[in-house]
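Using the sequences plus the hints, can you model the full thing?
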Amino acid sequence: GAGVSQSPSNKVTEKGKDVELRCDPISGHTALYWYRQRLGQGLEFLIYFQGNSAPDKSGLPSDRFSAERTGESVSTLTIQRTQQEDSAVYLCASSLPSSQPQHFGDGTRLSIL
Amino acid sequence: GESVGLHLPTLSVQEGDNSIINCAYSNSASDYFIWYKQESGKGPQFIIDIRSNMDKRQGQRVTVLLNKTVKHLSLQIAATQPGDSAVYFCAEKDYGQNFVFGPGTRLSVLP
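Chains H and Z are the protein sequences, given in the same order. Position one of the first sequence corresponds to residue 1 (the working numbering), numbered consecutively onward. Position one of the second sequence corresponds to residue 1001 (the working numbering), numbered consecutively onward.
Treat the hints as calculated values from the structure; they're not laboratory data. Being a predicted model, the structure only gives us computed values, none of them experimental. Any given hint might turn out to be false.
Ranges of calculated distance between the beta carbons of each label pair, as one might list FRET restraints [as the list claims (entries may be wrong)]:
{"id": "1", "chain 1": "H", "residue 1": "V74", "chain 2": "Z", "residue 2": "S1040", "range": "21 to 31 Å"}
{"id": "2", "chain 1": "H", "residue 1": "P8", "chain 2": "Z", "residue 2": "T1010", "range": "27 to 37 Å"}
{"id": "3", "chain 1": "Z", "residue 1": "E1039", "chain 2": "H", "residue 2": "Q83", "range": "22 to 32 Å"}
{"id": "4", "chain 1": "Z", "residue 1": "Q1060", "chain 2": "H", "residue 2": "S27", "range": "22 to 32 Å"}
{"id": "5", "chain 1": "H", "residue 1": "A54", "chain 2": "Z", "residue 2": "S1026", "range": "24 to 34 Å"}
{"id": "6", "chain 1": "Z", "residue 1": "Q1081", "chain 2": "H", "residue 2": "S9", "range": "22 to 32 Å"}
{"id": "7", "chain 1": "Z", "residue 1": "E1039", "chain 2": "H", "residue 2": "E44", "range": "12 to 22 Å"}
Using N, Cα and C, we set each Cβ at its ideal position, and we do this for glycine too.
Structure representation (structure tokens):
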């Protein structure tokens, strides 16, 4: 069965460029989360989508970060005018209603030169 | 590939011994807790969960203990194997719908 799929798996870009990261959740999972994981760190919450409700954007670190989700399917995380401190692994997870275990993708490793 | 958790606390155990990984959580109102295992270059993988109305739950070779009085969670792994080497994270669900993750512990299994 298909798990959470993220693309690209690796992304190297120059400072100042925009990047778009994609997450395909498990079919039927209404909840979708984005996290950032810096090297040697734990997971930092970014944003949460639940069905058609307004997303919880409380974890987004700046207005350069935004995310969209179409219905209960694909989500994209966009980082504009990337900075070197944006270098990290960006993880996506999906679940049934939010008090259920999250299933994670393997992340996108973003490196800003 | 990139390693996760180069500077994390490390627990080293002999193969075949039992491992205990501890986690202190912050919110006394948290009602759901999860342990995840993360191998290098992979996303976190669900191991076991527990709700706040329980104090112990067992899985295959793993046991989670919850002490709400001191806000402490532990993961016990029986007969630790080389394949158990990874970074282990606890997570709590807070007031909202977010999960708050602990800093992680690296488990190294010695031959």
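Now the hints, each set against the structure:
{"no.": "1", "hint": "H/V74 <-> Z/S1040: 21 to 31 Å", "in the structure": "27 Å, holds"}
{"no.": "2", "hint": "H/P8 <-> Z/T1010: 27 to 37 Å", "in the structure": "31 Å, holds"}
{"no.": "3", "hint": "Z/E1039 <-> H/Q83: 22 to 32 Å", "in the structure": "29 Å, holds"}
{"no.": "4", "hint": "Z/Q1060 <-> H/S27: 22 to 32 Å", "in the structure": "27 Å, holds"}
{"no.": "5", "hint": "H/A54 <-> Z/S1026: 24 to 34 Å", "in the structure": "26 Å, holds"}
{"no.": "6", "hint": "Z/Q1081 <-> H/S9: 22 to 32 Å", "in the structure": "28 Å, holds"}
{"no.": "7", "hint": "Z/E1039 <-> H/E44: 12 to 22 Å", "in the structure": "20 Å, holds"}
Taken one by one, the earlier hints all hold for this structure without exception.
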